[in-house]
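K.L.:
What follows is each chain in one-letter form.
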Amino acid sequence: MTATDENGVVPGGTGVPDGTPKQRTRLISGPGMLLLWLYGVMVVGAVSRSAVQISTEFDKAPLAYSLSAVAGVVYGFITYSLVRGGETARRAALVCCAAELAGVLIVGTWTLVEPSAFPDATVWSDYGMGYLFIPVLLPLSAMYWLRKARTTARPA
Amino acid sequence: MLDALTVATAVAALALAAWCGWAAYRDQPTKDWHFIGMAVVSLLALVQLVIGIVQLARGEKPEQGTTIFVAYLLGAFACIPAAGFMSLAERTRWGSVTVAAGGVVLAVLEVRLYDIWGG
Numbered sequence: 019m020t021a022t023d024e025n026g027v028v029p030g031g032t033g034v035p036d037g038t039p040k041q042r043t044r045l046i047s048g049p050g051m052l053l054l055w056l057y058g059v060m061v062v063g064a065v066s067r068s069a070v071q072i073s074t075e076f077d078k079a080p081l082a083y084s085l086s087a088v089a090g091v092v093y094g095f096i097t098y099s100l101v102r103g104g105e106t107a108r109r110a111a112l113v114c115c116a117a118e119l120a121g122v123l124i125v126g127t128w129t130l131v132e133p134s135a136f137p138d139a140t141v142w143s144d145y146g147m148g149y150l151f152i153p154v155l156l157p158l159s160a161m162y163w164l165r166k167a168r169t170t171a172r173p174a
Numbered sequence: 006m007l008d009a010l011t012v013a014t015a016v017a018a019l020a021l022a023a024w025c026g027w028a029a030y031r032d033q034p035t036k037d038w039h040f041i042g043m044a045v046v047s048l049l050a051l052v053q054l055v056i057g058i059v060q061l062a063r064g065e066k067p068e069q070g071t072t073i074f075v076a077y078l079l080g081a082f083a084c085i086p087a088a089g090f091m092s093l094a095e096r097t098r099w100g101s102v103t104v105a106a107g108g109v110v111l112a113v114l115e116v117r118l119y120d121i122w123g124g
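Here the protein sequences line up with chains U and H, keeping their order. Its first residue numbered 19, the first sequence is counted upward by one per residue in my numbering. Its first residue numbered 6, the second sequence is counted upward by one per residue in my numbering.
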């Protein structure tokens, strides 16, 4: 049981992986585990939400529900990459996090500027306010974590 | 009945979150006592799941739809055990943070459940 010598408790903030390098870089040690949990929650939230809404009331707000589904797929891919680990997965996850952040910012702004395009909310509406702003905070902390994982994990 | 249980589960989830947050603050992994706490909260969520289904079987209708209600009940039940297993895999303070986050997520789910049922 190795303890990190950090004193911050900010999620995804100051943790240093004390990991034992295996063949693949572990991306879910330390703060990565918290990220994995939050991404898992967002996957379940976004996918089940869009599944229900698309199957029952798609005509009401097709754009909003499709965006929720896309968000769910992106979250799912990032979650898978975190579990899988390794350099390729790390890069792919980084790209997806950037896409996710762009999505949150664009859709968030869009919902504020033109609410009429969105009769119903998406996970990314108002920068994810309905989800405690997790959708906008998550990619930032994840990108920070994934960048850090590169600098600390040396190839074996 | 269901509303009281929803409130109780939400409060217990927040207490668990605070407890595990405290462990994380003290740089400790989750210990046996934490897992007992998680078991208690999970049990509350399980009872809630059963009672919710019984209410549905009796013909009562949730305000915002049966599908969403059942989905949230299942999510609320799975929430803490999932976080607990992840804290078993991560024996550092970050495992504790994960369970604390799980408690907060469950509390949010309970608030939504309250709305969905039509409290």
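These are calculated hints, taken from the structure and not from any lab test. By construction, the Cβ of each residue, glycine as well, lies at the ideal position given by its N, Cα and C atoms. Take these hints with a grain of salt, some might be off.
Claimed, not checked - Pulled from the structure, derived: some chain H residues nowhere near chain U, Cβ distances all over 10 Å:
1. Ala13
2. Ala20
3. Asp37
4. Trp38
5. His39
6. Gln53
7. Arg63
8. Thr72
9. Met91
10. Val102
11. Ala106
12. Val110
13. Tyr119
What the hints assert, rightly or not - If you want the footprint, here are the derived chain U segments under chain H, 3+ residues with CB under 8 Å:
14. 43-49
15. 52-62
16. 66-74
Stated by the list, open to error - Cβ-to-Cβ under 10 Å is the rule here; a few derived chain H residues that face chain U:
17. Met6
18. Ala9
19. Trp24
20. Ala76
21. Gly80
22. Ala83
23. Ala87
24. Ala94
25. Gly107
26. Val113
K.L.:
Over 10 Å to the closest beta carbon of chain U is the bar; see if Ala20 (chain H) clears it.
P.N.:
About 18 Å separates Ala20 (chain H) from the closest Cβ of chain U, which puts it past 10 Å; holds.
K.L.:
Given Gly80 (chain H) was flagged as interface, is its beta-carbon under 10 Å from a beta-carbon of chain U?
P.N.:
The hint holds - Gly80 (chain H) has a Cβ within 10 Å of chain U, the shortest such distance being about 6 Å.
K.L.:
Taking the closest pair, is the beta carbon of Gln53 (chain H) still more than 10 Å from chain U?
P.N.:
Given a closest Cβ separation of 18 Å, the condition holds.
K.L.:
Could you check that no beta carbon of chain U comes within 10 Å of the beta carbon of His39 (chain H)?
P.N.:
holds (15 Å)
K.L.:
Holds or violated: Ala87 (chain H) as interface residue toward chain U, Cβ cutoff 10 Å?
P.N.:
With a closest approach of 7 Å, the Ala87 (chain H) hint holds.
K.L.:
Decide, holds or violated, for the assertion that all CB atoms of chain U are farther than 10 Å from the CB of Ala106 (chain H).
P.N.:
Ala106 (chain H) not clear of chain U: closest Cβ-Cβ about 6 Å, inside 10 Å.
K.L.:
So is the segment 66-74 of chain U in contact with chain H by the C-beta rule, three or more residues under 8 Å, or is the coverage claim wrong?
P.N.:
Result for this restraint: holds, n = 3.
K.L.:
Met6 (chain H) was flagged as interface toward chain U. Is the shortest Cβ-Cβ separation under 10 Å?
P.N.:
violated (26 Å)
K.L.:
When the nearest CB of chain U is found for Ala94 (chain H), is that gap smaller than 10 Å?
P.N.:
holds (7 Å)
K.L.:
Taking the closest Cβ pair, is Trp24 (chain H) under 10 Å from chain U?
P.N.:
violated (14 Å)
K.L.:
Closer than 8 Å Cβ to Cβ for three or more residues is the test here. Does the segment 43-49 of chain U pass it with chain H?
P.N.:
With 4 residues close enough to chain H, the hint holds.
K.L.:
Minimum Cβ separation between Arg63 (chain H) and chain U greater than 10 Å?
P.N.:
Label holds. Min Cβ-Cβ 23 Å, cutoff 10 Å.
Of the numbered hints given earlier, the model fails hints 8, 9, 10, 11, 12, 17, 18, 19; all others are met.
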